[in-house]
Amino acid sequence: MGGGSRAAAHLGRFGGLVPAAVYFVLFFFVPFGLIVCFSFWHDFDYRVVHHWTLENYRYFIHQHVYLHTMWATLWMGIAATGITLALAFPFAYWLSRYVPGGLQKPLLVLVIVPFWTSYLLRMYSWLNTLGRKGLVNTALEKAGITDHPLTLLYSRWSVVVVLVYLYFPFAALTLYSSIDRFDWDQLRAAMDLGASPLRAIGRILVPQIRPGIITAVIFVFIPILGEYLPPQIIGGTSVPMLGNVIDNFQREALYARASAIALLIAAFVIVLLVLFRKSLSAKEAYGA
Amino acid sequence: MTEAQRGLTRKELLAAGAVGAAGVYFTGGRALAAGSPAVAGRMDGVTIAWLTWFDHFFPQQLAVTKKKTGISCHPKLAPSDSEIYTTIRQTGSQFDIAAMDALWVPKLHKDGYTDSFDLSSIGASKQLYSDARNIKYWKDGSNTMAFPNGWSTVNVYYNPKYVKTKPTSYDALLDPKYKKKIAYENQPENIVAIAGLATGAKQPFQQSVAQIKRSKEWMKKWKPNVLHLADQNTENINLAKDETVWIVLGNLGVDLRVKAAGGPLMKQAVPKEGLIGWFDGEQMVKKSKHKDVFAEFIDVTYSQTSYIAKNFIKNGRPMFNEKAYKLLVNQGYKHRADLFHYNNPELIFQSHIEGPSKNIQAVTDAFNEVFGG
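Chains Z and G, in that order, give the protein sequences.
Under my numbering, residues 1 to 288 are what the first sequence spells out, in order.
Under my numbering, residues 1 to 373 are what the second sequence spells out, in order.
Bound-form chain Z, shown alone (with noise of 0.2 Å):
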């Protein structure tokens, strides 16, 4: 084979990835590539520098304070995501299994309405919900359980209570379509041969929609670790997660400190990843 027809082969063959190829290079690539220059550059004079440093890094690792607020995203990460999955899974499990299939899509929609407002404003509508004088207050006083309005807000209960709200829907529908796909008949066959509800649920079914729950986890914990705004609009100054460092940063055009951080969450994201992905094959993840 000639090298000009070897080289028209491998057009053949790889040419269909070239709009995909060039889509991931201009539109992943590239800014990914700034972000990690950024964060070996420095801030001088709210601009930045284009003098190699580690400086930015060795900042956050020296400074405990951002140890602490890394553990603090951490931990809310982790608590919202398990009670988003605790709900989310009954709530599939309950569509899929029970709900007449005519509902089924009228209640996915509802799950998805909120989505429809914008985000801002579905976080406003949590003050107004758990403020002093707020929907749960008023109702917890008018039914004679206090007598006095409860502090709600700004604790790290409250922005664990938000997180869940904003992303119970991404567990709900990923769960939902993998239980979606799963064959009851299993369930029944394993609780007529004597397996508790509870037993069945536990050995047949969570291990065959293990690929959702996974991508549930990925859907939901993942963009927790970079959530700023819950923190900053319900949380108060006494829980602030690693986002709101670099929003800090990014306000006052420190865009250098801002990537080296930003840089640090990616990293430990992609570490997760790598360790789900050994859990998960493609094969299972896609559903094949």
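Derived by calculation from the structure, the hints in this document are not laboratory data.
Here the structure is a predicted model, which is why all the values come from computation and not from measurement.
Treat the hints with care, as some may be off.
[As the list claims (entries may be wrong)] Between beta-carbon pairs, the in silico distance windows are: (1) G:D111 <-> Z:P114: 41 to 49 Å; (2) G:T86 <-> Z:F14: 35 to 43 Å; (3) G:N315 <-> Z:G144: 36 to 44 Å; (4) Z:L150 <-> G:S208: 41 to 49 Å; (5) Z:F276 <-> G:N315: 47 to 55 Å; (6) Z:P114 <-> G:N315: 28 to 36 Å; (7) G:K286 <-> Z:R277: 45 to 53 Å.
Just so you know, even glycine gets a beta-carbon here, dropped at the ideal spot from N, CA and C.
Here the structure of chain Z is known, so what remains is to put chain G in place on it, guided by the hints.
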């Protein structure tokens, strides 16, 4: 599925895509481009791009300007002075006018991103207070670097029902009895400046590294008392309204806004160390392609006295427009305007004026090391 069953081979699909893309470019693409503000402006009057804050204009006000001058305006909301600075620096001619605060204006000008202009050649300048026409920080020979808009000091407001002793010093805000009872806005430079005032810095926006260290220690003591650093000051009005917080640091008029929201009486205190403050204005971007219409646009937009007065009522901080003050008086708002010191613009020049820091990294590091952990 075979290639034949697909109907189109991959090669044919790519070719069709390329032809389609070219078609879109030569027909629809050009039409779309013609619909973009900049091009539409050239075809039918002028469209200027204005990087500004939401409280600098009303859409109806811009509609009047367009009707009178044919100049359309595409405002883009600005996040902060430092981000306006970097945006103007990086976008060249994309913006024609940029709003900015106080000492940021001379920085942008000195760095070569704006042009000064003859303020007296703009008719609307005759409506300004003389203090505003002669802002020394904005002078460039006989020219001015920005057209003045509004101003405010950052004051301490307290709820006398809970705060029995008027806080006449920033150190009073460290009292443990105010734990989680104070709110301010999430503005790192301003917070470090206030901490600087509290710890004796004479130029709170230009602190040395040693002064920033002292400010950091002060912020550490203050943090337990700060419940919330808001993105929008309306959040703090609500917190004061339902008495979640007892002390709010904010622009002039927090007391009136809390009352208007149905909240308790709030009183104002002026700490003995002084106040920080800001005033802002509109600058002509050096690389703007529409510098020839800057004066006309500013003149007509800032001559609409009724909108300037309405702006004061809605957004609650004094404007530099004296004619609008007279209109407010005629409309029965004198008491309200006087509570905001609208008629005393000289007050802002007695405060510590906001501006870029020479140690911005140290300032933000200090802030994040306290409030980011």
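- Query: Of the hints given before, which are not true for this structure?
  - Reply: When the structure is compared with the hints, none of them turns out to be violated.
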